[in-house]
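6 protein chains.
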Amino acid sequence: MNTNIRISDFKLGDFIEGFFIIKSMNIKTSSNNKNFIDFNLVDKTGEINAKLWDSNKDDEKKYSEGKLVKVRGNVSEWQGKLQLKIIKIRPANDEDNLVIDDYVPSAPEKTEIMYEKILDYIREINNKDIHNIVSYIFKESKEKLMFYPAAKSNHHAILGGLLYHILTMLRTAEKLCEIYTFLDKNLLFGGVILHDIAKLEEMDSNELGIVSSYTSEGELLGHIIQGINKIEKVSEKLNTDKEITTLLQHMILSHHYEPEFGSPKRPMIPEAEILHYLDVIDARMFDMKRTLESTKPKGFSDKIWTLHNRRLYKPSYQNLNEE
Amino acid sequence: MNTNIRISDFKLGDFIEGFFIIKSMNIKTSSNNKNFIDFNLVDKTGEINAKLWDSNKDDEKKYSEGKLVKVRGNVSEWQGKLQLKIIKIRPANDEDNLVIDDYVPSAPEKTEIMYEKILDYIREINNKDIHNIVSYIFKESKEKLMFYPAAKSNHHAILGGLLYHILTMLRTAEKLCEIYTFLDKNLLFGGVILHDIAKLEEMDSNELGIVSSYTSEGELLGHIIQGINKIEKVSEKLNTDKEITTLLQHMILSHHYEPEFGSPKRPMIPEAEILHYLDVIDARMFDMKRTLESTKPKGFSDKIWTLHNRRLYKPSYQNLNEE
Amino acid sequence: MNTNIRISDFKLGDFIEGFFIIKSMNIKTSSNNKNFIDFNLVDKTGEINAKLWDSNKDDEKKYSEGKLVKVRGNVSEWQGKLQLKIIKIRPANDEDNLVIDDYVPSAPEKTEIMYEKILDYIREINNKDIHNIVSYIFKESKEKLMFYPAAKSNHHAILGGLLYHILTMLRTAEKLCEIYTFLDKNLLFGGVILHDIAKLEEMDSNELGIVSSYTSEGELLGHIIQGINKIEKVSEKLNTDKEITTLLQHMILSHHYEPEFGSPKRPMIPEAEILHYLDVIDARMFDMKRTLESTKPKGFSDKIWTLHNRRLYKPSYQNLNEE
Amino acid sequence: MNTNIRISDFKLGDFIEGFFIIKSMNIKTSSNNKNFIDFNLVDKTGEINAKLWDSNKDDEKKYSEGKLVKVRGNVSEWQGKLQLKIIKIRPANDEDNLVIDDYVPSAPEKTEIMYEKILDYIREINNKDIHNIVSYIFKESKEKLMFYPAAKSNHHAILGGLLYHILTMLRTAEKLCEIYTFLDKNLLFGGVILHDIAKLEEMDSNELGIVSSYTSEGELLGHIIQGINKIEKVSEKLNTDKEITTLLQHMILSHHYEPEFGSPKRPMIPEAEILHYLDVIDARMFDMKRTLESTKPKGFSDKIWTLHNRRLYKPSYQNLNEE
Amino acid sequence: MNTNIRISDFKLGDFIEGFFIIKSMNIKTSSNNKNFIDFNLVDKTGEINAKLWDSNKDDEKKYSEGKLVKVRGNVSEWQGKLQLKIIKIRPANDEDNLVIDDYVPSAPEKTEIMYEKILDYIREINNKDIHNIVSYIFKESKEKLMFYPAAKSNHHAILGGLLYHILTMLRTAEKLCEIYTFLDKNLLFGGVILHDIAKLEEMDSNELGIVSSYTSEGELLGHIIQGINKIEKVSEKLNTDKEITTLLQHMILSHHYEPEFGSPKRPMIPEAEILHYLDVIDARMFDMKRTLESTKPKGFSDKIWTLHNRRLYKPSYQNLNEE
Amino acid sequence: MNTNIRISDFKLGDFIEGFFIIKSMNIKTSSNNKNFIDFNLVDKTGEINAKLWDSNKDDEKKYSEGKLVKVRGNVSEWQGKLQLKIIKIRPANDEDNLVIDDYVPSAPEKTEIMYEKILDYIREINNKDIHNIVSYIFKESKEKLMFYPAAKSNHHAILGGLLYHILTMLRTAEKLCEIYTFLDKNLLFGGVILHDIAKLEEMDSNELGIVSSYTSEGELLGHIIQGINKIEKVSEKLNTDKEITTLLQHMILSHHYEPEFGSPKRPMIPEAEILHYLDVIDARMFDMKRTLESTKPKGFSDKIWTLHNRRLYKPSYQNLNEE
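In the order they appear, the protein sequences are chains D, W, U, G, B and F. Residues 1 to 323 (UniProt numbering) make up the first sequence, in order. Residues 1 to 323 (UniProt numbering) make up the second sequence, in order. Residues 1 to 323 (UniProt numbering) make up the third sequence, in order. Residues 1 to 323 (UniProt numbering) make up the fourth sequence, in order. Residues 1 to 323 (UniProt numbering) make up the fifth sequence, in order. Residues 1 to 323 (UniProt numbering) make up the sixth sequence, in order.
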């Protein structure tokens, strides 16, 4: 039996034991009319579906989302994906002497530090109106930013993922402004910081950065429109210049680029154009990096839904190269 | 020579004289390097392009958009469309004893009366929050509503066209609520009245209901987003229930139905679904009625751009039938 | 145990007993190599899949499609949908003292009455040719119209669904003619009555309005072409005016509007345009009404396949409003 | 001056004289307010637009569609296409001693002979029902088949073009049946002969095979539906087996293959599948052959609208090869 | 029990015994945590999924892909497809006295003979450059051509399928050249022989013509690009005329016709156009023939994925006809 | 009269004089049957169409593409675009004392220097195989790289445009590798340098960087396939590792990303993904910068074809900001 194994190391047929966080759980009835619990478990390295067959009322009360549990089980396969058949499970307790943070999938930098670094970028915005509106909204959102992911299940669906996504994009934005010097840094930094800010209202996340569902308003309007609404109200309050308000709203409106992805207007200023590419590049690099980490050299990954169902290839030569 | 002829009666080869309004005018240089004025003239019945060749500085000053002029000319053809070659032109004067309103293409009902009829519909909205927000925005917009068309060049591009479009849709909405009784009249009436209200900010219209261009904000955001912004601000001011605000915004957001036509979300409540169809039906009926009025029985119209380039057919039997 | 419970009230984990109609049944072999019967059961309120495990030859003979049965079972879940595990089942018998009509999902009005009401509309058609052809086809189809649904599994898949669909559309058509007065009532009423009439040939329905399959001709040609064929033959017989025949065929041909939904020609007369919208609106309202009936206030429905996979939202305010 | 030159040999700047047929003519007014006649002239080799400037009433009466004229003029260019400026024009007269057939663009085989050859194919159809219906319709259409083209302006828009299209497809069909021996020759030959037969009703052609316009019924229904109607009526008359009727209708219905090209059903029998490819191949080969005839070796043709705007390449090696 | 039954004759509920080839096998773990072997078995007539439940290490070693086995089992159904529950299985042995070739799904002609027939076609290519390059590549590929299929799972996924596909297309090409005499036989034959030749590098096939996977290069480039690369290198070696090389590469590049199917250029010479249709027709006829062989007269097949999910219809009249 | 004026400063109605380069010229015949020369003139700042009416044989010989001319003329307008009516024109001569380079639209850095800078990047490639192949192809192409543009008429259609495009992308690539540190610099730099290298074979450019047409091979294969061919041959010569060759070919193959834009495979390695975005961003920034340079603050540009027909907006606030 492999103990203290990480999810990304699970292989078909393994008999494992370790600590994991319950990302979600549902009580269901099997075809033989008995209850079972359908878990999604995570640790820092990945996620796996797990079944506790023939569960009883007791089990159903003992566990809940966001809790750390110790699990023993067998790794099987269902429709091409690994699955865990739970043999033994119990809640973690004080004697286990664990810090939950060690099990939460989270951004590679601390949220407090990322928050401060983004404030530094805000300080560089030297147009008063843009500075004020961005600063106001960013600071007002601090509490949620400390844990929100950038998505429910795609790229950056990790604790602190939204801050990490913003920060990486700011770093790239800064560099692109050195190449394409006619770009306006104020608008671009402002757009980067605000482009996904309404994800804080679109999704419901717990403090581990796990999103269980979308809000009603999120379903009916979506984060693009919610972000525009937020700017509209804050601009009113701060008495922001009308053109600035419209430009920031336009950047948010157009950042998905294609109408069928939610942007009824395509970018009409170069800063909005760049904002779109910063966003796509960061999402793609995140997904590709993660995918290739679990792909063997000279091998192909599974089909990745978020990448138009492409399979990725991991060259063999890189390994040689790094030696 | 046909005097006092209406534009819809022009035929190739006619030698005509009559009064028309200048919808737009541009001074251009011809291939033989002389200036000419390129007019678009309208009357109640239609629109025609007209050229004043070899114009001089004097001419260029004497005329401007929105003015009534007396024109004599020949009806020729250019790329399949009728065109007027101006032989003589002068501004209308007091002695002509004309009322400009008789020449403006305009809605079949008076704007003051349509405005009042819509107020009657608003009175029927018995949800306090919807009533207040709709009433506030509608009354606040009164001045522009008195002349704005519903579009720059498509359906309802006539003086009072926006009010007429709203009023006709309200009449149909009322009737559909008698058939589909589970529909909420409050939401539906509210949605109809607000769905295009931000066209007042999207387009610049003169007091004859002629739109020369879109506003910058209109280009960058569009009337759907501008309408949502307006509701956001007014809701804040009136302290409107959050769900009501979101539902009205959702109706505006989804009323074009397809992402590629500007609606990032499709309708999620039946009232939003119906709003979309009321809008399309009214636009289509307006365009089809106008097209068939100038089509001969048993004949086909030209291809109509706003109708997916379809040609319409006018049956012969209807004529017999009406006798 | 819940006895006499309706399908729309089933909840996961329920232990229920009640009477239902067998919509379809198939004998299958399970992975453990035993036979089981795979039922779809319906009552007035809905439909559910049900399994009778380890069935024997006796069971397989005792039941057949369209029969009323008494069932006891447990409500479980399979791939996100409720499913019934049958514990006990028997055919209904005389002592149960039941009327099958009380269990058939059916239109809210009686078919005989709907048939008469449509005849009233036909009487209003005052063009002789249209009147005769519509009247002939409608009366000729009476027998099947008494039970046919309008679809196999989408909107109006209920006993008398086709008549109900036609009647509701006629009511709306009548009202729209009051708004858009240039529409020809004869053509529009005729088009509404005939637009889906060949569904009687496209699908095979039993007398409970349950469609088991499409006919060969229905698969190879489809109800649009079959309807055109029917008009072709009846026109020949009644010596109908050629233009009238063509216009009615055109209305049927174009009523799905988009080529990819089966209409090679888009509407070229306003009555055909309106016919399309009447059809869509009635289908959508039917599906939305039914969906919202089983959705909780402030909640979202499941994704509805027939509505582009949208989820519907049920506002909370309506409830307050209705008090 | 080049006399008796053929249209396909016209070059920019030529001063030419020759005999041509008036395919169409329209009287228009130029920007300097004078009438001119806008001709399309054809001969066996091609088509060219020609202008007779400053025409008078006399000219307008003297010429009409389908007439042979003698023309002298200059070959100029307008928007990338050659155009003829007419210097002198007169109707051909008896002294010219010409046979109009020598000037009509027409199929490479005589219509009478093609008609007989197709009858031979019909004799090979040994299913009685298919034979009878195909034979009946083909013979009934003889008069029009003697001159009808297969299209207004695309492939086979030549005198006898429809017969030539059918005959070539039959020859290919015969050969494919030798390769794919499971194909049913009766159905396939029947489908080939009937697939475009209703073009005789869809278009109005004069006896030179020149189509001026579509019929009303053609616009409202199209030749696919009109062909199905024809089969419906003839089947009724001949008491044809129902399945045969449906299969022939299905073949016509599906022969454009894609819904957006007019086929609401895709082929469900192999003979319908093959029919589609026979049709496309014959149209493509016709257009490609004609295009390459006027392309220089190692050169590219203009963009061909009927070939998805492709340009064709003419290899140089073929010339060497043929020596 | 049916012994020596062929897969295409399996029916739900059958208890069968026979010899089959293991096309693929995977060891999996069931939901009750026991290992089972998931086989795909084939014989000359078809393919079926089969499960050996509760397998042990011994079983897992005894079987491997490409081996002949004797199987006894029950035919059940899973998600609408037949499946075999294995009761008894053992490897075939010498005493069974079997020839594996009798069990491999393979082309109707022997590969050696097909290879020779294609050489005959190559001899007919009388352009030296084309002849040499085609001959070189074809002969160089002989070893693999002796068993390679034309696809992993679609049309011609049989032993010798690639040769059979090429040969049938050559036969049709020959016949089409008799109809469309301006086609260049050299180019067309060359294109047919080379169009799919790089499938030998794109896929990994065992000697039974069973493809287990794509090669890395096949995934990253695809057989169209790989084929172009092959021509590039061989042309260099044979010092082929540049235009010939480009034309052959163009034919390969464009033979899928649509960009979304892998052809960035559409055909620009008629031989490339015809090549595409030869390819499609042969694939479709193969799939349709096979599908109809297991469809009952007057019945419809299942939906065929490779045919846009169409169902095929098998007419009843053919049977009568053949008597 | 404005003398020595630059094309980007032309305004409707201007009477101008200056020196320009003939980008292209065609002799045409006007509707009044006289010859005229249709020029496209360029200078460093832009391009304009110009007409020399009533030209004679002498004129036609005196001028040719790539020559510097002195022109006097009037700026008029044709279909919304400025056009020059030439009053006087003559070739530039020695006494004008001009350097043609001052009139050629060209990259902002000298080609020799850009060439050297790219060599520096090549030196950083520390994988031997990638280094050798990239170095070989880049050096072999030096002559043409000294003047080739990156396109015929879109982005970077300037002298040295291809080098400038490559160099800017390398600079951005370098910076992105600092952010996304898992990217392989060798592959990415190699891909950037080779991605468009076959444009040197796809287009024919004169030494002023003006492309008159595509080559035959360019039309039939396109620069993506031509680039892959080049790598294939050079790899053979340099005996490059097979995987490296395939990866570089894959990067070229996938760099247009969408099949309909010429990439039959989408990127399967992150370096290919980034290559695509580097390419798009550089093209977009080039076009946007140039467009905004001639747009007034608070104004919109014309619709830009290369930007999905979008109009760009130039904010007013930037101007204030820069003071």
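Just so you know, these hints were derived from the structure itself, not from any lab. One or more of the hints may lead you astray.
[Said to hold, decoys possible] In silico BS3-like cross-links for lysine-lysine, where the CA-CA straight-line distance does not exceed 30 Å: (1) LYS265/B to LYS67/U; (2) LYS34/G to LYS51/W; (3) LYS110/W to LYS233/U; (4) LYS128/D to LYS11/W; (5) LYS233/W to LYS110/F; (6) LYS298/F to LYS265/B; (7) LYS265/D to LYS110/F; (8) LYS85/U to LYS62/D; (9) LYS233/U to LYS175/G; (10) LYS117/B to LYS175/G; (11) LYS11/W to LYS28/G; (12) LYS175/D to LYS81/F; (13) LYS237/B to LYS11/D; (14) LYS242/G to LYS11/W; (15) LYS67/U to LYS81/B.
[As the list claims (entries may be wrong)] Just so you have them, the derived chain B footprint on chain G, three or more residues with Cβ under 8 Å: (16) 132-143; (17) 167-175; (18) 235-248; (19) 284-294.
Beta carbons are placed, not taken as given, at the ideal position from N, Cα and C, and that holds for glycine.
We went through each hint and held it up to the structure:
Taken as a hint, the LYS265/B and LYS67/U pair is broken in the structure, with Cα atoms around 60 Å apart against an allowance of 30 Å. Under the criterion of a C-alpha separation no larger than 30 Å, the hint pairing LYS34/G with LYS51/W is consistent with the structure, at around 15 Å. Restraint check: the Cα-Cα separation between LYS110/W and LYS233/U comes to about 50 Å, which exceeds 30 Å; the hinted pair is violated. At roughly 61 Å between alpha-carbon atoms, LYS128/D and LYS11/W are farther apart than 30 Å, so this suggested pair is violated.
For the hint pairing LYS233/W with LYS110/F, the CA-to-CA distance comes to about 54 Å; that exceeds 30 Å, so the pair is violated. Distance restraint check for LYS298/F and LYS265/B: the Cα-Cα separation of roughly 42 Å exceeds the 30 Å cut-off, and the hinted pair is therefore not satisfied. In summary, the hint linking LYS265/D to LYS110/F is not supported, as the alpha carbons are separated by about 38 Å, beyond the 30 Å threshold. Restraint check for LYS85/U and LYS62/D: satisfied, since their Cα atoms lie roughly 28 Å apart, inside the 30 Å limit.
A threshold of 30 Å between alpha carbons decides the hint, and for LYS233/U with LYS175/G the separation of about 37 Å lies outside it, so the pair is violated. Simply put, LYS117/B and LYS175/G have alpha-carbon atoms about 19 Å apart, close enough for the 30 Å limit, and the pair holds. Proximity of LYS11/W to LYS28/G is assessed by CA-CA distance (about 12 Å); at most 30 Å being required, the pair is judged to hold. Note on LYS175/D and LYS81/F: the hinted pairing is violated, with a Cα-Cα distance of about 37 Å set against a maximum of 30 Å.
The suggested pairing of LYS237/B with LYS11/D is violated, with an alpha-carbon distance near 48 Å, which exceeds 30 Å. With a CA separation close to 53 Å, the supplied pair LYS242/G and LYS11/W exceeds the 30 Å bound. This hinted pair checks out: LYS67/U and LYS81/B have alpha carbons roughly 28 Å apart, not beyond 30 Å. Under a criterion of three residues with beta carbons nearer than 8 Å to beta carbons of chain B, the stated coverage of the region 132-143 of chain G fails, only 0 such residues being counted.
Coverage of the region 167-175 of chain G by chain B holds [criterion: at least 3 residues with CB-CB distance below 8 Å; count 4]. A stretch counts as covered by a chain when three or more of its residues have a beta carbon under 8 Å from one of that chain; for the region 235-248 of chain G and chain B the count is 4, and the coverage holds. With 5 residues bearing a CB less than 8 Å from a CB of chain B, the region 284-294 of chain G meets the requirement of three and the coverage assertion stands.
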